[in-house]
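Student: These are the residues of each chain, in order.
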Amino acid sequence: GAVVSQHPSWVICKSGTSVKIECRSLDFQATTMFWYRQFPKQSLMLMATSNEGSKATYEQGVEKDKFLINHASLTLSTLTVTSAHPEDSSFYICSARAFSGRDTIYFGEGSWLTVV
Amino acid sequence: TQLLEQSPQFLSIQEGENLTVYCNSSSVFSSLQWYRQEPGEGPVLLVTVVTGGEVKKLKRLTFQFGDARKDSSLHITAAQPGDTGLYLCAGNGIKAAGNKLTFGGGTRVLVKP
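Those sequence lines, one after another, are chains C and Z. Counting from 1, one number per residue, gives the positions in the first sequence under this note's numbering. Counting from 1, one number per residue, gives the positions in the second sequence under this note's numbering.
Hint data in this document are derived by calculation from the structure and do not stem from the laboratory. One or more of the hints may lead you astray.
To be verified - Here are the simulated DSS-like cross-link-like pairs (lysine-lysine), alpha carbons at most 25 Å apart as the crow flies:
| no. | chain 1 | residue 1 | chain 2 | residue 2 |
| --- | --- | --- | --- | --- |
| 1 | C | 55 | C | 20 |
| 2 | C | 64 | Z | 100 |
| 3 | C | 66 | Z | 56 |
To be verified - With the C-beta cut set under 10 Å, the calculated list includes, among others, these residues of chain Z facing chain C:
| no. | residue |
| --- | --- |
| 4 | 15 |
| 5 | 48 |
| 6 | 103 |
| 7 | 105 |
Unchecked claim - Facing chain Z, according to a computed beta carbon distance under 8 Å, are these residues of chain C, among others:
| no. | residue |
| --- | --- |
| 8 | 34 |
| 9 | 46 |
| 10 | 93 |
Source: prediction; values computed, not measured. Even for Gly, the Cβ is constructed at its ideal location relative to N, Cα and C.
Isolated chain C, as found in the complex (with noise of 0.2 Å):
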């Protein structure tokens, strides 16, 4: 099946300072990535829809200054945190589109951030 990998699969940083973490599509293109962020016990909750080539599309109440997306290729989409303060820790995953004739979503395994 499809493959999204994701980069760090943890870090920790520093409050102040900005995290990086990139999603990969492995074996297929996405012209669409999404991240979400999930808190412990809690399903996931949709930030941010990446559009290859053009702006990223944020939810409400996400702040696009904050947490800022780069969909630089069909198989990469970046998701910067900056100015890290500790209650950004979280669990971020991202997934992106297939278009396999049934539009499935594949994810990648997460990535834990945790700002001290």
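With chain C held as given, fit chain Z onto it using these hints.
Tutor: Same frame as chain C, but now just chain Z:
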């Protein structure tokens, strides 16, 4: 307001028992997907259902899509400890959500040996 309601939120059963998880909405889906997620990992796709009334089987897991494509269920027969995890349903093509993949709240399943 959650567009997709999953129930129950938590289920704890003994190995060998059966369980059913429900996913309901007042909206119609073009398709619905079920995922299982283990702690610290991304969701893994179990199945996609597209046709109203569709039933799909994956070993001990049976997935059903409602005739009106507004609801779905996941039934596990003779559950095993390896079935423990967070089960998520996600609907595709809900107009109220802008045709994005919308997740239910999730059902935590614990199968005790």
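Student: Hints broken by the structure, by number, lowest first?
Tutor: Going through the list in order, the structure violates hints 3, 4 and respects the others.
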